[in-house]
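Residue numbers (our numbering), protein chains in the order written: chain Y, 10 to 119; chain G, 115 to 597; chain F, 219 to 674; chain X, 312 to 461; chain D, 5 to 640.
Note that these hints are calculated values from the structure, not bench results. A couple of the hints might just be wrong.
[Unchecked claim] Computed, partial: chain D to chain G, Cβ under 10 Å: (1) Lys27; (2) Lys28; (3) Lys31; (4) Ile33; (5) Leu54; (6) Phe56; (7) Gly149; (8) Gly151; (9) Ala171; (10) Leu193; (11) Tyr568; (12) Leu579; (13) Leu587; (14) Gly600.
In this text the structure is predicted, and so the values were computed from the model without any measurement. Beta carbons are placed, not taken as given, at the ideal position from N, Cα and C, and that holds for glycine.
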Amino acid sequence: MMNVMLSIFSVVPIQYYIFISAVLFCIGVLGVLFRRNAIIIFMSVELMLNSVNLLLVAFSAYHNDASGQVFVFFVMAVAAAEVAVGLSILVTIYRNVHSVDIDELKSLKH
Amino acid sequence: MLLLLTLFLPLVFALLTYLSGNRFAKYIALLGGLVVFTCCSFLKLALVHNNLAPLVFVHDWISNPHISFALNIDGLSLTLVALTAFLVPLIIFTTFRKEIENAKAFYSLVMLMEFGLLGVFMASDGFLFYIFWELALIPIYFIALLWGENKDAAFRHRAIFKFFVYTLAGSLFMLLAFIYVYQIAGSFSASTLYSLNLTDKEQSVLFWAFFLAFAIKIPVFPFHTWQPDTYKESPSAGTMLLAGIMLKMGLYALLRWLLPVVPHGVMLWTPVVMVLAVIGVIYGSVIAIKQDDLKKLLAYSSFAHVGLITAGIFTLTHEGFQGAVVQMFAHGFNVVGLFFAAEIIFQRTGTLSISQLGGIRTVAPKFATCFMIVVLASVALPTTNAFIGEFLLLYGLYEYNTWLSVIAGLTIILGAVYMLRMYQNVMLGETNSLTANFEDLNWKELTVFVFLIIGIFEIGLVPSQFMNMVQPSLDLILNYSLR
Amino acid sequence: MNTLIYTSALGLLCMLAEMANLRKLILPIAVAGLCVIFGLNVTDWGKNGAYYHNMVVTDNFSVAFSGLLLLLGIFITLLAGNFYKNEESKISDYLAIIIFTLCGALALVSFGNLAMFFLGIEVLSISLYILAGSKKKDVRSNEAGMKYFLMGSFASGILLFGVALIYGETGSFDLGAISNYASATHPSVLFYAGAGMILISMLFKVSAAPFHFWAPDVYEGSPTLTTAMMATIAKIAAFAAFYRLFSHAFISVFPPYAWVFTAVTALTITIGNFTALNQDSFKRMLAFSGISHAGYLMLGIISLYGKTDNAIFFYSFAYGISSMAAFAIAIVVAMNLGSEKIEAFNGLGKRKPFLAAALTIAMLSMAGIPPLAGFFGKYYIFSEAIRNGHLWITVVAVINSIVSVYYYMKVVLAMYTKDSVETAFTLKPAYSFVIGFCILLLFLAGIFPGLLTGLL
Amino acid sequence: MTVLSKNPVHSVIYLIGCFFAIAGHYLLLNAEFLAVVHIIVYAGAIMVLFLSTLMLMNLNDETEQHKPALAKIGAVIAAGLLMLVLVAVLKKADALPAPVNQDLSIGTIKNLGKVLLDEYLFPFEFSSVLFLSAMIGAVLLTKKEKSQTA
Amino acid sequence: MNYLLVIILLPLFGFLINAFIGKKLPKTISGIIGSGTILVSFVLSSVFFLGFLNGTQQKIDVDVYDWIAFGDFKITFGLLLDQLSVMWLMVITGVGFLIHVYSMGYMHEDEKFHNFFSYLNLFIFFMLLLVLGNNFLVTFIGWEGVGLCSYLLIGFWFKNQDYNNAAKKAFVMNRIGDLGFLIGMFLLLYNFHSLHFGTIQTALGTIQVSHATIVAITMLLFVGAMGKSAQLPLYTWLPDAMAGPTPVSALIHAATMVTAGIYMIARAHFLYLLAPETMQFIAVIGAATALFAATIGVFQNDIKKVLAYSTVSQLGLMFMALGIGAFTSGVFHVVTHAFFKACLFLGSGSVIHALHGEQDIRKMGGLRKWMPITFITFLLSSLAISGIFPFAGFFSKDEILAAAYEHNKVLWAVASFASFLTAFYMFRLVFLTFTGDFRGTEEQKHHLHESPSVITFPLIVLALLAVVGGFMGLPEVFHAKHFLKEFLNPVFAQATQAGGEMGAHETNSSIEIMLMSIASILAVVAIAIAYVMYVSRKRIPAKDGEQYGIGKIIYNKYYVDEIYNALVVKPILVLSELAHDVLDRTFVDGIVNWSGKFSLMAGAQVRKIQNGSIGFYLLFMVVSIVAIFAFVFLKN
């Protein structure tokens, strides 16, 4: 494992991880902006969170500090909680309007 | 202690009035007003006893920012405190004939107003002054809003609302100015601010921040447009409070908080202010000529008068200052008398339209006489109070600039024109269906007028005692203003 | 330090009480518990310290804000009893969530580590998502919940990305460590980008323009009590966290972001006030006014260099208390008349002088009229801003204050000058108490501002 | 793919694929435990939750209406710009200090556990509040009203 | 000094009594109080007068108390009694008393009898203050006070709005002059730091004041006099003022108040002597007014209007006298004029009384039969005003003419022509009123009667004075003592020295005799013409609207009122409306309202971006983020 580890940063500079995370993050953002289906938007948000996780882990390894990885746990926890709550809100909405299309939720404005 | 007592008694009585219920409210309020007036008399004695050196009360209030609960009574303050203490009970008394809905609230607001006004005139800490300044606005807003008599309620609400927002808007700039000054001085106390050395540029900007607040309240052209409608729409008691006392706040503030604090700013902008003030004098007078609504006419006339006072203050001369103070005092009496007359007319005929009235003198000689005297006082006939004021004001203005004085002097002509035209159309001529059964004054109303008329002649005939009392404080202010 | 723990425990207790069939006692327990915690919190005064590996920091700042939040929490809890009376079976759930929300808020005022900060925000937010959407059959509530949730989680994503970048640069989540790092070395662009992202998510949380869009919609759609929580507890906690973050760890962020701060502040105040002008719904009006208040608080944030915690605390206090009073009254009116429009307040002056007077005072306080707390709040904020050289933006703020008077007074005007339909009107003692107490506090803080200003 | 596929179910599947890829990276970065947890939590729990919700709502067909073209273009441009800006900004962060000596054990369960339950004990406990809250919320929101069912 | 105060305060006392309890008193008592107070004042004044005459009385100049005083600024309330003021004192109280007595009869029917007396008393009070003030400001009190009384008395019958308009006009026109007076005082105060007559007079020697300033001061003060004494162009109020009861016209608008301007200039003669330009101006204005008013007088048909224009004309003459430096002559004419003009007015009042309010001379005629006393007194006074030897007017007028001749021949010619016209219209008046046949209704004819003694008594006294009054100033050609000149010499000493005055020039007695003859001949010719026209040919002036040509223009008073209306009043009224409707409400207030509306509109616009769509919100967020990052990081 050690060899692998060492080779990772010698082959792939930390910048690349930053970039891939940023790209992944932006894909998530794109998903959020692009779609109307609330579930897919949730998933896009998950994607964003994952990109962050990836970044955290990369930095954790980079700094040789476990707290980054611990933080990932919290992110996961939060993600799970969010999904639970988000989906339950979605369910209540679906019960009322039979749609998960966010663009139909426009009664509150101006 | 006496200062504190005088200041807080109205507040106490405001509470008492509210608690006493609708039936007794007016008596309690009147009592309160009289008690305060008594206190004020003692204040005068104390001041004289003190050889006109200011009476001071200072108590630390807030440490950060450093604000002290500082009160100060000198001749100038006492003048306005006395005016307030005298007029408030009188104004309360004018309402005695009328059944007022929710009287306890009304009278307690009036007392609250007195509290605010006294605070404004007594405070020697800028911040405290500001607080009272705003405090005085709230009661009058409600008085005007809720007890106005005009039938067109929507219009009234708009007008009063405009008044509220407009005057508040101005005062916020004053707050800003105070904050700014505080950052430099580290204190709000008048004496510290007086001795502050600000750069000319700062003074120039600060001048407008202060002046805007005061100019709107006074009001100075072109910040006056709230005034006619507000006066018209307020109940008469409210109008009297507004015109009789409240607009003196602005004038007083010019003397106390503007001139000595930013003397160079004043120097720089005096020409502009002068022109505005003189325009106001002529403009108000000219407009008043054709007004059909009695209260609006009086409003414009009042506007013209205060324009002259403003000009007098900005002359930075002894005469201008003295004239301004006398005229502030005089105007309080006169305008209250005039609006009271308007109120009486409105109550009995149900209209304030000058063209619909006429012939009242035939049926109400006492009223006609009293009204005439007040009218004459307001056109500054010699031996009345306003003559002293206008004479000194115009003289002060003359010392500043001859032509401005001549132009402003036109007010004595125009004033005669609109006032006599008004008096003629309202009081003289043949009676008509509205005025044929006009009741003459009853004793309560007569009492009010008698007090006012005594005041009018006292100041008109023996003003020097009064002036000597004010003189030291004006000297002080003038010295700082000419720094 | 223990405030947070005790509060969490209290939340648990509420849940357990439900199971133990002590439903009737839950409310008193919760209120009493919060009061006790409030007391305990006060005893923490002056004890500076960091606990649990600097996860929780206790200092006067945290104690003061905790106190304020607990006070507001007590009010909310008191109001909740009546607010949820139709859903008695779930009251424990609601109370528990309210208290958990409070936990999140408390975490936000006393965190010492970005992990706690993040968790605090999430606890606060997630609880509020739930509460916002808690009127299940009301589409508007659902919509509010959804909007809040979607945008909130999106903002969380940004926040996290920022945290990650900061971590990448500094190698730590600890505020102290970050602070040391930032002052010892010349941070790279990674640090600034991360801080920028955190900044953006904070702006979102405090509903500053241009990230304010969620606020009015969510405020309007949510049950009024929840709105009250968002407007008071959530916003104040967010500002406290904002201050804590940016006064310690990210103070170096200010120079490059100066224009952003200025623009955001001006924009927030202006948009908040101007949009509030034309609103018919009282809640929505308050939402926009809340945005503008966020702007004023931002004015405090941008003057951070001058240690503006006092000003921010006082403003938060004034704003929180007046909002609380206003919302409590709004709830009463809505419960009796079934409407949240400003028209519903017509004639309140005649029918319920107490309520009308209270609302008037609350409105005047928000508008910043002396001698109420709101005035001093504004005063301190302006004063700090001027002291730190933000003169022109203060002028903008002042002009906006004038605008704000218009809409606050519109309500007052409606109460006193319009005629109303006669309906039965009930006012529960809990509400009277909360409203009365708020008004008292407004006056107290207005007349003796020294009580609060000397604190920090 | 997750973003673009029309059928939500397909999206889910793609996302799971994505998660596996990320887990692979974790392994590469020497965070084995995290990789495992990641798979379990995301692929195992969260995605199942998504799927079950989808199934519950019968959303597995392509019912979604697309946004107007303008909004789509706007979305793409905005996201693209964000990416550009982010990359451009982060690119400036060139001179990161060289990585410190790698300690291979930081990703182990033992080490993580130590850090988590010692240094991060309080947040750990605090996250329980988060879960409680979420749990109550989920129950509160999704439980059907009694009156409705009755 | 105490007596002086009594003189002043007695009328005030009378005023107060009548004003407050007059209503409850019987009319007689009310009248007696009114007249009695004046009588006492008169008696006291006479004592002073005699004292001055004997030389036992010294000039009194006392400050009663500090009126407007603070710091260095001090204006006292002080009184001054010297020969000049005592002259006026005598006229005011003497003529005033007679008119009071007359009023008791004349106003007997009026229900506001006590009001009338209170106003009259108040007027006397202010008039006394005017002439007794020892500084300009005290004089100014009286100055404005008499204006007020004039206002009150012109509008005494206030049910008639025309009368009220006349009253208002009088007040406003006076105020225009007063502004000049006021500014003049400011100049004085500014330059001399005092308004005290004596102080200023002495200070003139020590304080350097530019000539222009003196001219300005004198001109401004003269503006005040123009208003008060009805000179061009501020004269139009005086004819209108005839709306007041006739005693008022006699007292205020003939004998006393309108001469205040002359008093003031005489009082301030020391200033005027330093400003020859102003003197010239005054002389021209005076002459112009004399001629102008005289021409109008010729065409008037209202008995009181004729007298009013005559008054204006005579006042013009007096100002001319002042303007050419003949102060004594001016004062002399004031006194004689007071006698005969008061008598004329009272006589006309008697006529009007008899005819129950008819004032149009075209509807009179032949009244001699019924009202012999009135006729005779009226005739005597007319002779006096026409300048027929040896009546009072002859002496005073001739003195002025002589002075004018010395000074400027044109002025003399103008004045002579004015005198000629005066004689003509006065006798036109006499003949139309008292000779020929009665042209009124039968009803009126039936009631014609001589007035009661309370009315005729003052007439007789005044007529007597009009006859003999001239002897106080016999011209030096008669080698008699010019009593008045000597009497006033202490006051005008400076004037006499400075200009050498007219006395010095009056060497050529033959010229003076010639001038007298010319004046007398002119007067006689004028009377003759009038006789021919109205007695022999029995012409009656044309009815209204039937005049033509110049006559029409003059009959309509040169349309001056109309011109004023069109040039001043109308524009101001239009301006007033414009200022209110357009400038104030639309523009100034418009800006205020507009800023409010603008805010609301802006609010409404800002609202629109809050469109409720989550997608849009998120998009906006992202765009903002991009913007912020781009702005912060890509800038440098």
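Okay, the hints, checked on the actual structure:
1. Restraint check, Lys27/D versus chain G: the minimum CB separation of about 8 Å is within 10 Å; hint holds.
2. About 13 Å separates the beta-carbon of Lys28/D from the nearest beta-carbon of chain G, more than 10 Å, and the hint is not met.
3. With a cut of 10 Å, the hint placing Lys31/D at the interface with chain G is violated, because the nearest CB-to-CB distance is about 17 Å.
4. Given the 10 Å rule on beta carbons, the hint for Ile33/D is violated: about 19 Å separates it from the nearest Cβ of chain G.
5. Hint status for Leu54/D relative to chain G: violated, with the closest Cβ pair at about 32 Å, above 10 Å.
6. Because the smallest distance between the Cβ of Phe56/D and any Cβ of chain G comes to about 28 Å, over 10 Å, the interface hint for this residue is violated.
7. The beta carbon of Gly149/D is positioned within 10 Å of a beta carbon in chain G (closest approach about 7 Å), and the interface hint is therefore held.
8. Against a cut-off of 10 Å between C-beta atoms, the interface hint on Gly151/D holds, since the closest Cβ of chain G lies about 8 Å away.
9. Given the 10 Å rule on beta carbons, the hint for Ala171/D holds: about 8 Å separates it from the nearest Cβ of chain G.
10. Nearest Cβ of chain G to the Cβ of Leu193/D: about 6 Å, under the 10 Å cut. The hint holds.
11. Because the beta carbon of Tyr568/D sits about 13 Å from the nearest beta carbon in chain G, more than 10 Å, this interface hint is broken.
12. The closest approach between the C-beta of Leu579/D and any C-beta of chain G is roughly 6 Å, which is under the 10 Å cut-off, so the hint is satisfied.
13. Because the closest C-beta pair between Leu587/D and chain G is about 8 Å apart, less than 10 Å, the hint holds.
14. The criterion of a C-beta within 10 Å of any C-beta in chain G is met by Gly600/D, whose closest approach is roughly 7 Å, and the hint holds.
Hints 2, 3, 4, 5, 6, 11 from the list above are not met by this structure, while the remaining hints are.
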